[in-house]
Amino acid sequence: RKEVEQDPGPFNVPEGATVAFNCTYSNSASQSFFWYRQDCRKEPKLLMSVYSSGNEDGRFTAQLNRASQYISLLIRDSKLSDSATYLCVVQRGDYKLSFGAGTTVTVRA
Amino acid sequence: DAGVIQSPRHEVTEMGQEVTLRCKPISGHDYLFWYRQTMMRGLELLIYFNNNVPIDDSGMPEDRFSAKMPNASFSTLKIQPSEPRDSAVYFCATGLAGAWRRETQYFGPGTRLLVL
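Protein chains in written order, with this note's numbering: chain B, 1 to 109; chain D, 1 to 116.
Take the hints with a grain of salt, since some may be wrong.
[Unchecked claim] With a Cα cut of at most 25 angstroms, we get these calculated BS3-like pairs of lysine-lysine: (1) B:K42 - B:K79; (2) B:K2 - D:K68; (3) D:K78 - B:K96; (4) B:K42 - D:K78; (5) B:K2 - B:K79; (6) D:K68 - D:K78; (7) B:K96 - B:K45; (8) D:K24 - D:K78; (9) D:K68 - B:K79; (10) B:K45 - B:K79; (11) B:K79 - D:K78; (12) B:K45 - B:K2; (13) B:K42 - B:K2; (14) D:K68 - D:K24; (15) D:K24 - B:K96; (16) B:K2 - B:K96.
[To be verified] Partner residues are not named here, just some residues of chain B that face chain D (Cβ under 8 angstroms, in silico): (17) A17; (18) C40; (19) E43; (20) P44; (21) K45; (22) L46; (23) Y95; (24) K96; (25) L97.
[To be verified] Some chain D residues flagged as far from chain B (calculated, every beta-carbon gap over 10 angstroms): (26) L45; (27) N52; (28) K78; (29) G95; (30) G108; (31) P109.
Honestly, the hints are just simulated from the structure, not real lab data.
Glycine included, C-beta positions come from ideal geometry on N, C-alpha and C.
This is chain B alone, in the form it adopts within the complex (with noise of 0.2 angstroms):
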């Protein structure tokens, strides 16, 4: 079983949409979670920490239920900027992150 699972999508969206998706992990053993962001043939970017009593950053809200161990993310009025593949990301008691294989979403005009 993979460390960290989401669900591949696409998710295909108008602009102006909401659009949800989760991850699950694992390990119950993990203690950080975060977001990141990966544009088409580009390196991955820190999009936002995931706290436990969840949190938000402009259109973007992230939850976390440790009980069940899953992570989502919620994007609010979509962009066609926010087209892109977004990793969820688990890290344990040492330095090592363990990426999903990432979720794509797709806004369209």
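Position chain D relative to chain B; hints supplied.
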């Protein structure tokens, strides 16, 4: 800040040849990571260094792969001999220790390797 610098950006080589990938970390970052990304396996950690010392190389696939960090501003990943299944994008990432920064890793643009 120039960010993480990787070279070459693209490499095409023939099976059996030696390949050397290079990384210059962001100045002051004390962690350096080498990742490999393929469609089939996603993003995999190969090895990481802290203060130029290899900490965990459990992700290095075979003895054909080796990595060094001779100083704080340079690291190499070498594949010798290369095989077609090594074709992938290789990313170098760096980060800072410290409670509030430890989780952020900054990725370089990657090296696209094709082994024929």
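Hint check:
1. This hinted pair checks out: K42 (chain B) and K79 (chain B) have alpha carbons roughly 19 angstroms apart, not beyond 25 angstroms.
2. Pair hint K2 (chain B) plus K68 (chain D) does not hold up; C-alpha atoms about 29 angstroms apart against a cutoff of 25 angstroms.
3. Distance hint between K78 (chain D) and K96 (chain B) is fulfilled; the C-alpha atoms sit about 21 angstroms from each other, no more than 25 angstroms.
4. Of the pairs offered as hints, the one joining K42 (chain B) and K78 (chain D) holds, with about 22 angstroms between alpha carbons and a cut-off of 25 angstroms not exceeded.
5. Among the hinted pairs, K2 (chain B) with K79 (chain B) is inconsistent with the structure: their alpha-carbon atoms are about 31 angstroms apart, more than 25 angstroms.
6. Distance restraint check for K68 (chain D) and K78 (chain D): the Cα-Cα separation of roughly 9 angstroms lies within the 25 angstroms cut-off, and the hinted pair is therefore satisfied.
7. Among the hinted pairs, K96 (chain B) with K45 (chain B) is consistent with the structure: their alpha-carbon atoms are about 16 angstroms apart, no more than 25 angstroms.
8. Of the pairs offered as hints, the one joining K24 (chain D) and K78 (chain D) holds, with about 15 angstroms between alpha carbons and a cut-off of 25 angstroms not exceeded.
9. Note on K68 (chain D) and K79 (chain B): the hinted pairing is violated, with a Cα-Cα distance of about 42 angstroms set against a maximum of 25 angstroms.
10. Distance restraint check for K45 (chain B) and K79 (chain B): the Cα-Cα separation of roughly 18 angstroms lies within the 25 angstroms cut-off, and the hinted pair is therefore satisfied.
11. The suggested pairing of K79 (chain B) with K78 (chain D) is violated, with an alpha-carbon distance near 41 angstroms, which exceeds 25 angstroms.
12. Proposed proximity of K45 (chain B) and K2 (chain B) is supported: the alpha carbons are some 22 angstroms apart, at most 25 angstroms.
13. As the CA atoms of K42 (chain B) and K2 (chain B) are separated by approximately 24 angstroms, the hinted pair is consistent with the 25 angstroms bound.
14. This hinted pair checks out: K68 (chain D) and K24 (chain D) have alpha carbons roughly 12 angstroms apart, not beyond 25 angstroms.
15. For the hint pairing K24 (chain D) with K96 (chain B), the CA-to-CA distance comes to about 20 angstroms; that is within 25 angstroms, so the pair holds.
16. In summary, the hint linking K2 (chain B) to K96 (chain B) is supported, as the alpha carbons are separated by about 15 angstroms, within the 25 angstroms threshold.
17. Contact between A17 (chain B) and chain D, as hinted, is not supported at the beta carbon level, the nearest pair being about 27 angstroms apart and thus beyond 8 angstroms.
18. Among the interface hints, the one on C40 (chain B) is violated; its C-beta lies about 12 angstroms from the nearest C-beta in chain D, farther than the 8 angstroms criterion.
19. Satisfaction of the interface hint for E43 (chain B) is found here, the shortest Cβ-Cβ separation to chain D being roughly 4 angstroms, below the 8 angstroms cut-off.
20. Against a cut-off of 8 angstroms between C-beta atoms, the interface hint on P44 (chain B) holds, since the closest Cβ of chain D lies about 5 angstroms away.
21. Taking 8 angstroms as the C-beta contact cut-off toward chain D, the hint placing K45 (chain B) at the interface holds, the least distance being around 7 angstroms.
22. With a least beta-carbon distance of about 5 angstroms to chain D, the hint placing L46 (chain B) at the interface is held under the 8 angstroms criterion.
23. For Y95 (chain B), the shortest C-beta to C-beta distance to chain D is roughly 6 angstroms, which falls under 8 angstroms, so the interface hint holds.
24. Hint status for K96 (chain B): holds, given a least beta-carbon distance of 6 angstroms to chain D, under 8 angstroms.
25. For L97 (chain B), the interface hint holds, since its Cβ comes within 8 angstroms of a Cβ in chain D; the closest pair sits about 6 angstroms apart.
26. A beta-carbon of chain B comes within 10 angstroms of the beta-carbon of L45 (chain D); the shortest separation is about 6 angstroms.
27. The Cβ of N52 (chain D) sits about 15 angstroms from the closest Cβ of chain B, beyond the 10 angstroms cut-off, so the non-interface label holds.
28. The Cβ of K78 (chain D) lies farther than 10 angstroms from every Cβ of chain B, with a closest approach of about 21 angstroms, so its non-interface assignment holds.
29. Its beta-carbon lying about 7 angstroms from the closest one in chain B, G95 (chain D) breaks the requirement of being farther than 10 angstroms from that chain.
30. Chain B draws G108 (chain D) into its interface by the beta-carbon criterion, the shortest separation being 6 angstroms against a cut-off of 10 angstroms.
31. Distance to chain B contradicts P109 (chain D) as a non-interface residue, since its nearest Cβ pair spans about 6 angstroms, not more than 10 angstroms.
Of the numbered hints stated above, those contradicted by the structure are hints 2, 5, 9, 11, 17, 18, 26, 29, 30 and 31, listed in ascending order.
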